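Trainee: Got chain A; can you put chains B and C on it based on the hints?
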Amino acid sequence: MESLKVYILVANRMYNDGVRSALGLAVENHYGYPVILNGEFPSFSEYMKENIAWIMDMEGQVYSCGAPVPEETYDAELEENLMKEIDLKELGEAMREADYIIPYGIPKQSYEPPPACAE
Amino acid sequence: MKILQVYRSAPSEETKTLVEILNRDRDADSFDLNVDAPDYDQLVEKIFAADQTVCWW
Amino acid sequence: MSADPNKLAIFVTSPQHMRHVVGIAEAAKKAGKQPMVFFTYKSIHLTKDPRFEALADLCGKDDIAICADSYTCEGYDSAEDIPAGLSAGQMRTQAFHGALLDECGKYIAL
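Chains as they are written, first to last, in the working numbering: chain A, 1 to 119; chain B, 1 to 57; chain C, 1 to 110.
Isolated chain A, as found in the complex (with noise of 0.2 angstroms):
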């Protein structure tokens, strides 16, 4: 079977669950690219974490566009981030080898979320 490379892009503060998916990918022997866009990040769970480096580890990428990889996804024992900034147009470039490009959930929303939305 064809492994194919699986963008999927995350807008959205509350749709980070396109990480999940693409691991789910990544276990089916696919290439998953999970993007984070404009600093719409997870709150960085050891489960979220874990995530993130088994993608990495099936030879995928989370991305960060449009913000800095923050410093959570640091690991210590590899001594890098487990995420990786990208620009918007190298995204496109990218995006440009893609087998798939899943927009992923819903658009950002206009206004900042208020306390009630805390965990």
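These aren't lab readings, by the way, just hints derived from the structure by calculation.
It should be emphasised that the depicted structure is a prediction, and the values quoted were computed from it without experimental measurement.
A hint or two may mislead.
[Unchecked claim] Cβ pair distances, simulated, as ranges:
no. : chain 1 : residue 1 : chain 2 : residue 2 : range
1   : B       : E20       : A       : A76       : 35 to 45 angstroms
2   : C       : A79       : B       : R26       : 40 to 50 angstroms
3   : C       : A84       : A       : G39       : 32 to 42 angstroms
4   : C       : K61       : B       : D41       : 23 to 33 angstroms
5   : B       : V35       : C       : A79       : 35 to 45 angstroms
6   : A       : R96       : B       : S12       : 18 to 28 angstroms
7   : C       : A31       : A       : P115      : 47 to 57 angstroms
8   : C       : P50       : A       : E79       : 47 to 57 angstroms
9   : C       : G75       : A       : N38       : 24 to 34 angstroms
10  : B       : Q42       : A       : A76       : 49 to 59 angstroms
Built from N, CA and C at the ideal position, the CB exists for glycine as well.
Mentor: Here is chains B and C on its own, set in the frame of chain A:
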């Protein structure tokens, strides 16, 4: 390579930039789902005519 | 398995577009194509839409499924509250998304 860009809402500037790069030197088509009554028959026709479909938020 | 050129994958990740899911699936059938649909994450709330059961019937049991983990994460009971039109065997994992990629010649995410 024939690529189809589908929009569920009005595309952001970022989306437009990505689409421009993806469409470069390709046979590109588009379809707007963000209308009252999309012609789904036409959309299916376009999907099956394209090599790749990207459906933006 | 090589992808079937007459099969259309519909990967649903947004909870906002049931009319498009139904519209595209029905149009595909009308055009003699087979839709294969997977609902994941917050889109699983669409299983509570009154149009869902008819969609499940349209696709047939092998060609529509939802992510059981997502359904559980959103608070539903994946054993006692299986959505109308589905059976326990259609409460699946992300591997079903892999099957969409393997089996379908065409693909759209909604």
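Trainee: Within 18 to 28 angstroms: is that where the Cβ-Cβ distance between R96(A) and S12(B) falls?
Mentor: 20 angstroms Cβ-Cβ, so the 18 to 28 angstroms window holds.
Trainee: Can the suggested window of 35 to 45 angstroms be confirmed for the beta-carbon pair E20(B) and A76(A)?
Mentor: For A76(A) against E20(B), whose Cβ atoms are near 40 angstroms apart, the range 35 to 45 angstroms holds.
Trainee: Is 24 to 34 angstroms right for how far apart the beta carbons of G75(C) and N38(A) are?
Mentor: Once the Cβ atoms are compared, 29 angstroms apart, the range 24 to 34 angstroms for N38(A) and G75(C) holds.
Trainee: How does the Cβ-Cβ distance of A31(C) and P115(A) compare with 47 to 57 angstroms: does it lie in that range?
Mentor: Since A31(C) and P115(A) have Cβ atoms about 49 angstroms apart, the given range 47 to 57 angstroms holds.
Trainee: Given the hint of 49 to 59 angstroms, is the C-beta distance from Q42(B) to A76(A) inside that range or not?
Mentor: 54 angstroms, holds
Trainee: Do the Cβ positions of A79(C) and R26(B) conform to the proposed distance bound of 40 to 50 angstroms?
Mentor: 47 angstroms, holds
Trainee: Range hint 47 to 57 angstroms: satisfied by the CB atoms of P50(C) and E79(A)?
Mentor: Given a distance of about 54 angstroms, which is inside 47 to 57 angstroms, the answer is holds.
Trainee: Given the hint of 23 to 33 angstroms, check if K61(C) and D41(B) actually sit that far apart at their C-beta atoms.
Mentor: Given about 26 angstroms between the Cβ atoms, the range holds.
Trainee: Hint says 35 to 45 angstroms; check whether the CB-CB distance for V35(B) and A79(C) agrees.
Mentor: 40 angstroms, holds
Trainee: Quick check: does the Cβ-Cβ distance between A84(C) and G39(A) fall within 32 to 42 angstroms?
Mentor: 40 angstroms, holds
Every hint, counting from the list given before, is met by this structure.
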